[in-house]
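Work the whole structure out from these sequences, hints included.
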Amino acid sequence: MKSIPNSIHPVQLYLYSHDITSPPFLIKLFISKPKAVYQPRNENEILEILNYARDNRLNVIPRGAGTSGYGGVLPYSPYNSIIIDFFRMKEFEIDEKQKILIAEPGVVWWDVERELNKVGLSLRVYPTSAPASTIAGWISAGGYGVGSLRYGGIAENVERLRIADFSGVRETEDIHLFSGLHGTTGIITKAWIKLKEYEEYNAVAFHVSIDEAVKLVENWKNYIYSAFFLSSEYITAKNQVFRDDVQYEVPEKDTLVIVGVENSKQLLNLSNLKIGNPQLGEHLWDLRFYSMRVKRLGPTLIISEVILPYNSIPEYVKKMKKMGAMIEIWFNKNNVTSLSFFLADERKVGYTLAWRKSIKAMKLAYSLGGKAYSTGLYLAHHSPKVIEEYYELLNYKKKIDPLNLLNYGKVFPKGRLPTLMKIAELIS
Amino acid sequence: MRDDTLFKELEKEIFICAQCNFCRICPVYYEEGWESSSPRGRIYLLKGILKREIKFEEIEGIVQDFFKCTTCGICEVVCQTSIPLIEIWEKAREVFVKRKGPLKAHERIRNSALKNGNPYGEELNKRDEWFKQLSENFEIKKAELVYFAGCTASYRMNEIAKSVVSILNKAGVDFSYAGRDEYCCGSPFLRTGQRDLAIEFFKKNYREWRKRGVKKILTSCSGCFRTIKKDYPVIAKELGYAWNFEVIHVSQLLLELINEKKLKVRKKKLKATYHDPCHLGRHMGIYEEPRRVLELSGIELIEMEDNKERSLCCGAGGGVKSQFKDLAMKIGKKRVAQAENIGVKMIISSCPFCKLHLKQASEGKLEVIDLVELIDKFS
Ligand code: SF4
Ligand code: SF4
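Quick mapping for you: the protein sequence lines, in order, are chains A and B. Just so we're aligned: the first sequence equals residues 1102 to 1529 in the numbering used here. Just so we're aligned: the second sequence equals residues 64 to 442 in the numbering used here.
Hint data in this document are derived by calculation from the structure and do not stem from the laboratory. Some clues are possibly wrong.
[Stated by the list, open to error] Looking from chain B toward chain A, a few residues come up when the C-beta cut is under 8 Å (computed):
no., residue
1, Ile79
2, Gly111
3, Gln196
It should be emphasised that the depicted structure is a prediction, and the values quoted were computed from it without experimental measurement. Glycine residues also receive a C-beta, built at the ideal position from the N, C-alpha and C atoms.
Quick look at the structure:
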């Protein structure tokens, strides 16, 4: 164990005890520091860490880039834990013939894309955190991303996984046992990801209402690669923070961006509306990774991320607008991912109350047939509603992890936090 | 006044960080792999101090990671929330130095500079030896343009300073040179949290320029260029000094002289790559001038995979070379490998410090030359 790169410096441990959220005081009480951070270099070292954790009854928290917002990588207090950081496992190969990427867990999505493009290939789907997030991180958090309109969620694009748990290592095509489960059912040591031919994309923007946007995407679904919608309020905020970087201000209207492989003209014809703006489309597409730039207006950003069926988006958007949310919607094959942003200031009293907005947003989504995007720690009590086959997975978890050491309290609710969260939801 | 007043000034920016880790492309984090040496980790550390979740006493044993930063600025280019990260690194280092004192090597260069006006431990009266060695006997005149050679070209990379003088001479440009009255610009101290010393050097240089009636300052070092053009006006304002000097980098002057046909360059058939010095490129936005000069000299420029705004740092800046030699060398070797990958035999840069470091990192495998030396040869 000693030979595995590790750190126990209290400040280093502090630096590994966060994700992208700034939780309010009451939730922070449930977040501690790990006992140590390990950076294994290979699978054997992962197994060594697992054995050590079992012998010492320590929870094992796998951590990618820590860019998720569900607390999935946080040390859950008061339980003792160690963190596995996959920084030193970032080798990958490209099987050009089979169009498959074979990657270690710590590989960053955008590093892969850069190499793939050189050989005429491309990722089918990637998260909007792709410049930083890791292969295993996104698979474990689950969900949808850019390209999910054509190719579905990440789970549908993983062919095989190699998994380490307390009984050793094995390969599996049962992706649902691991994707979206935040490492609670095993540690991903390798992943086989489906790829596609490289394509040049054209993006076109349309100033349309959310009702029209949904109709248009439904009509074009089979011809395009990706589509997203930005609310006028969100664009107004973006204009304030991108002022120094870009030449022109984006019209402050609700905007749909369609991304396809056809040339812009074909896309424009397809619309029959003749109002598409390719220049604006390209601009907004180029900024797709920078959704949190508006944090400059905060300095804190509270984000609510939910999944909704197509038919309830208009109502959801209208109600969220009334709540003062800035909205970004990504269209997936059979549903959408909606992100609502609220500005706040974590330094001020009353910040805890601001978090209630995100709870309200989630409750609204449920009332419209939607659900939380992911579970992790904060929303573990939602798992039975969010995860299909939850009880089958729970049984699987009990079988492979009888001591419940794999990311304790995440996805499968345990401890006191779920009760607190339920109360918060009741009073929101 | 609390010691961390500087942190307070930066508080809003520190809280703006989204912890997104887009800045993970930091060349230091890439080598080290720990949050404490990543831009995100450093910001989170500062946030922890501001929130009083971390005490100053606790950073012992980890604070050195805060100094493992070459101030290359690529984190700022990719930052999701557009935080002025370099300013934050420098100000935070100042606080850490106040609290804990400078790191060993940084203290060494401080003592040396206090004594001799340069960080290399060389004697002050040898600063102008390179100038005296020039075959032509240049007369130091009173001129509006002063050539500021800087410490690295004066003591380590003489050929660069000599080439500048040769070019000025060929183009018939009047210039003055402060010789032993030239002091370190202060860049190494600004970057390592020792701003007080940089202010002292500012005063000495300023006095000299005023005495000589200087209007324009020419530098061949990218570090000096950034410091004199960007930091000196700020210091001048703080001290209540008037600042009306024009500051130019030699790559800009070369282009001007060639365009105005004051300098004739014989076109050479040569394949090479150009390394953007961080303090010239990302810090000052000068990417095109050196490239245009190379183009006008007939050089076939082949770009490395990371170039211009996304250029990879040579690894030496920000006090990293003096305190963390191995780390600096690892980054330098990575940059050299990028040049090898595109099949060139020559790296051209525009900074004596980059040249010094890349030359060491290349271990003789590639020729490393400064733009001004090359143009001097061809003109
Ligand atoms: S300035 Fe360069 S070395 Fe320093 S933190 Fe930013 S990217 Fe890293
Ligand atoms: S890129 Fe900017 S916002 Fe993101 S973690 Fe780095 S410093 Fe923070």
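The hints, checked one at a time:
For Ile79(B), the interface hint holds, since its Cβ comes within 8 Å of a Cβ in chain A; the closest pair sits about 4 Å apart. A distance limit of 8 Å between C-beta atoms decides the matter here; for Gly111(B) the minimum to chain A is near 6 Å, and the interface restraint holds. Because the closest C-beta pair between Gln196(B) and chain A is about 47 Å apart, greater than 8 Å, the hint is violated.
Violated hint: 3 only; the structure is consistent with all others.
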